[in-house]
Amino acid sequence: MVTTKGGRTSSSSSLFSKLFPLKKAASSSSTTIIILRFFILLILFIFIFNFYTTRHILEDHQYPNLPQHFVSHQLPKQQLKLEKLWEAPFSDGLHSCLNPTSNYQAVQGGDHYITVRCNGGLNQMRTGIADMVAVARMMNATLVIPELDKRSFWQDKSIFSDIFDEDHFINSLKQDVRIIKKLPQELVSIPRARKHFTSWGGLDSRLANNDLPLDIQRLRCRALYHALRFSPSIETLGKKLVERLRSHGGRYISLHLRYEKDMLAFSGCTYGLSDSESEELRLLRENTNHWKVKKINSTEQRIAGLCPLTPKEVGIFLQALGYPPSTIVYVAAGEIYAHLSDLTSRFPNVLFKEMIATEEELRVYSNHASQTAALDYIISLESDVFIPTHSGNMARAVEGHRRLLGHRKTITPDRKGLVEIFDKLESGQLKEGVSLQHLVKQLHQKRQGAPRKREGAPDGIRGRARFKAEESFYQNPYPECICRSKHRT
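Residue numbers (numbering that gives the first Met the number 0): 0 to 488.
No lab work stands behind these hints, which were simulated from the structure alone.
Computed from a predicted structure; not experimentally measured.
One thing to keep in mind: the hints can contain errors.
Keeping only pairs whose Cα atoms sit at most 20 angstroms apart, straight-line, the calculated DMTMM-like set for lysine to aspartate or glutamate is [claimed, not checked]: (1) Lys260 with Glu276; (2) Lys76 with Asp91; (3) Lys445 with Asp383; (4) Lys180 with Asp166; (5) Lys293 with Glu276; (6) Lys156 with Glu146; (7) Lys408 with Asp91; (8) Lys239 with Glu146; (9) Lys452 with Glu431; (10) Lys467 with Glu454; (11) Lys294 with Asp261; (12) Lys181 with Asp210.
Model the full assembly from the supplied sequences, consistent with the hints where possible.
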């Protein structure tokens, strides 16, 4: 309390006045004293603020479960980095353009018929069928529903209607090609001209990738991406499995881990395998008649980037890209030949279709590899990120389809470049950490599914080799089936 001149007390005295009592002074020095007091008070405030801030930071460090009163500036940055891992590339206003041009005429209908016998796995057969639709159109011929391969490695006895919606296939292309389910009985015994179509591209295409009329290219796209819809039972289960995957964590990577017995035997890739495993694969290759190349140098294959990534290499790759160990990774493949634990030790949430579907749901697909591959295709198509470990038929077909649907994120590993990095890790020249992350991310900046026109063959390649070196039409149908018009077609 302070007594005034009149003898009254006043409670209006401030802490400031008590700490720094004023003395009568000349008016010329009053301003200096006030400024000095202000700075002293400011220093006192800064000291108190720093004391309490430091205390809270120490408490947060010692007791991480306590409510956070001070928001870390690092957390938003980490969240932004994590979100970027899932972001689709900028599509630049591009979208699918599949409708025919104004010059396109409806099917006329001729008196010729084309019968087709497919070969290979699911996606090799799908692209082959799409090509034969285009051939039938160019020849003005009637296409008979194709026969599927029953003699390949998988020994799948499925017929067309087991895998595809046959009626939808016929009806959706009725303006393009006349399609019938069976050859007329009176023509069954008539001699036919036979033609074995050459594979022109890396995706076993039976037509050239480039320089075909625009309407033929768009017909190929309509046939593959719209007409060849899977059977209702496959479509229904595929969508259910996608929903179940999303219920696990919302977002997921579909990993086409082509580390399967047939691929390793066919490619001659034995890096990281035991002598007995390598010998088993060699014998399989020797005894498979339609695999023409028997003697393969595994080391040369790997250095050239022709081998699928191993499970260990995939784990290192995903971590270097920045994906956390909690990431849901769906393996779109058959039985993995060996060393899956090298992946699950880094990413424990690795899932297979057998883990998200019931035994009863999968029983009908037992011994039908092409039908289970169709489930993998649906799950891969709908994934947030698709990563193939080898550039086979499924990898390229899914990539092309995802481009058509708005350039969904597809990370294509640079296997040749990664081999050099992995070998440096193996020799100790490089350690896992920031340097590795920088190298891997830099190597894959432009390999994430962003829009680009289909690549031609490298300079200097001539003849038939040029066609095989081109990027597959079905892997990247831009510009024929992807455009920037005002209306989607």
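Evaluated hints:
| no. | hint | verdict |
| --- | --- | --- |
| 1 | Lys260 with Glu276 | holds (10 angstroms) |
| 2 | Lys76 with Asp91 | violated (26 angstroms) |
| 3 | Lys445 with Asp383 | holds (18 angstroms) |
| 4 | Lys180 with Asp166 | holds (9 angstroms) |
| 5 | Lys293 with Glu276 | holds (16 angstroms) |
| 6 | Lys156 with Glu146 | holds (10 angstroms) |
| 7 | Lys408 with Asp91 | holds (14 angstroms) |
| 8 | Lys239 with Glu146 | violated (29 angstroms) |
| 9 | Lys452 with Glu431 | violated (35 angstroms) |
| 10 | Lys467 with Glu454 | holds (12 angstroms) |
| 11 | Lys294 with Asp261 | holds (16 angstroms) |
| 12 | Lys181 with Asp210 | violated (33 angstroms) |
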